[in-house]
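Novice: With the hints as extra help, turn the sequences into a complete structure.
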Amino acid sequence: MYKLLNAGFSRLMKNKIFWGIVIITIIIALGLVLNRISSSGFFENEIEPVLTNYIYFIGFFIAIFTSLFVGTEYSDGAIRNKIVVGHTRKNIYLSNLIISIAVGLFIEIVYLMLVMIIGIPTLGGLQIPIDKFLFILLDMVLIIIAYSSIFNFITLICSDITIATVVCILSFIGMFVVSEFVVSPIANDKKYYSNYVTNENGEIIETQKHLNPNYVGDFAKQVYKNILYIIPSGQASQIQSTMSNLSYENDRYMTDTDIKLAGLYSLGLIIVINGIGIYFFKRKDLK
Amino acid sequence: MEYILETKNLEKRYKKFKAIDNLSMHIPKGSIYGLIGKNGAGKTTLIRLFCALQKPTSGQYTIYGIKNTSKEITKARKRMGAIIETPSVHIDMTARENLMEQSKIIGVPSYDGVDELLNLVGLSQTGKKKVHNFSLGMKQRLGIAIALVGNPDFLILDEPINGLDPEGIIDIREIILRLNKENGITFLISSHYLDELSKIATHYGFINKGRMIQEISKEKLEQNCKKRIEIKVSNAKECVKYLEQSNIPYEVISDNVINIYDKINISELAISLSKRDCIINEFHEKEETLENYYINLVGGEDNV
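These protein sequences, in sequence, are chains A and L. Anchor point for the first sequence: position 52 equals 52 in my numbering, and the numbering is continuous, going up by one each time. Anchor point for the second sequence: position 106 equals 106 in my numbering, and the numbering is continuous, going up by one each time.
Accuracy of the hints is not assured; some may be wrong.
Quick look at which bits of chain L chain A covers, simulated, 3 or more residues with Cβ under 8 Å [claimed, not checked]:
no. : stretch
1   : 53–62
2   : 70–78
3   : 81–88
4   : 95–107
Calculated cross-link-like contacts (lysine to aspartate or glutamate; reagent style EDC-like; alpha-carbon spacing at most 20 Å) [unchecked claim]:
no. : chain 1 : residue 1 : chain 2 : residue 2
5   : A       : 260       : A       : 131
6   : A       : 287       : L       : 11
7   : A       : 287       : L       : 85
8   : A       : 287       : L       : 196
9   : L       : 55        : A       : 285
Hints in this document: simulated from the structure, not taken from any laboratory. In this text, a Cβ means the ideal position worked out from N, Cα and C, and glycines have one as well.
Specialist: Right under this line is the structure:
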């Protein structure tokens, strides 16, 4: 495994796609933090939403990198060189996964560092309790690992670089769409709408209640919530919403328990996807 | 005889299609084993099995005496290299970077051998030129160099001269012969360029429809293909006596057919045999090329 990682990381250092993604990440970080400053002025807005903004679309970059970097192993035939000289398929699978995760974590760290270096002196420090923030960071790490697992799985099972790249990008978009679709019913947390009027004394009083047509019921809401938390983009979307609305309470936003549960969902997904991936990759007929 | 690779009743199925059918094969140590078969005969599938790219449906093979199902097979694989169909090279790297990358994959502690390998395959002057700018012949030679990283003593080359120009073919042939002679490397080479293969192979395996039709050494094959005179005589016993006395090499094919492997004076033979009450009924001069030999073999197989 060490030999595969050594070879993989040395190839990574010369990989133009990797460096391209790093540069794009730097541009995004600078763009988002400067936009936050310019829209609200110094020390008038929280830094939190900018810190977690990148996790919302990091999956796109992991999809592109993993499908092209790992896919090249197939198209150049390098994967054959590894198998012929006796490396096990499990080790080949895991070494590619580790490289993909390392790249995901690296670009996230680059983003966070830049946002903090520029953002903390201009927007101020964290307002969220530090322990809660650390749990969110842990969730973000697990989201990156989950994305890498999904795209590494697709690429190593597909074996065609073009198909793998298209499927990875479409999978990301698909996950993104699904998570946006299921978030709406969760946000509708009230069964009834209340009508309020102001009486003669100037007091606001409740007159009658209307049934909320978008309310799906507790059970369905729980199902949607589970779907949302299983999908990495769903979790990312939840984290971003929560960090952008720290002072609001709604089922749409994550509670402390949700933040801890999200990590467990990701962990489950990572174990299942990689278990299935290694099983099929071991049995796959290669050319 | 010590064998580097042996198979026993090897079979590979894709759903109902049998790509490899009950195949047995023996590659002697130090040999250049030419695997001959037409397109779709199963050559590449067989090589993919040996390289662990695919798993046999049934049967087994051994490399250096280690069964393919044993965990120890990974150790045996460290002593082999392969090029399957196209050379496995990173096209966005230089030749040197490719060799260094493979050294890391194998775990070779230093890059001391890289220059030597580049010299061996004639790519020492390529410098910073990326592989995507290489000709097919250069890529093929780099593929061989990559397969040689870690000093293997068994190389598998699948169609190594496919698409090469005459100069490229000569280069590859010379590299193979040198490695076999000087380094004692055993080769398994699949090809349908029979003439080219006949210039280097020491052993042959003829494969058709996934089955091994015949395994034969170069010497035996040459004997089978040798220029000969086939005579049909009325008295084979007397004819054999005469050939023995005259020290003429021969082979009795049937009750009245004898092959003579020498230049002879026909009139003299006819007169001498006639004195022994033996008449020559038929006379044919025969010579088979490797191509004919293969076609006869495969033709026979196809007619079964």
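Novice: Kindly indicate which numbered hints from before are broken by the structure, ordering the numbers from low to high.
Specialist: 8
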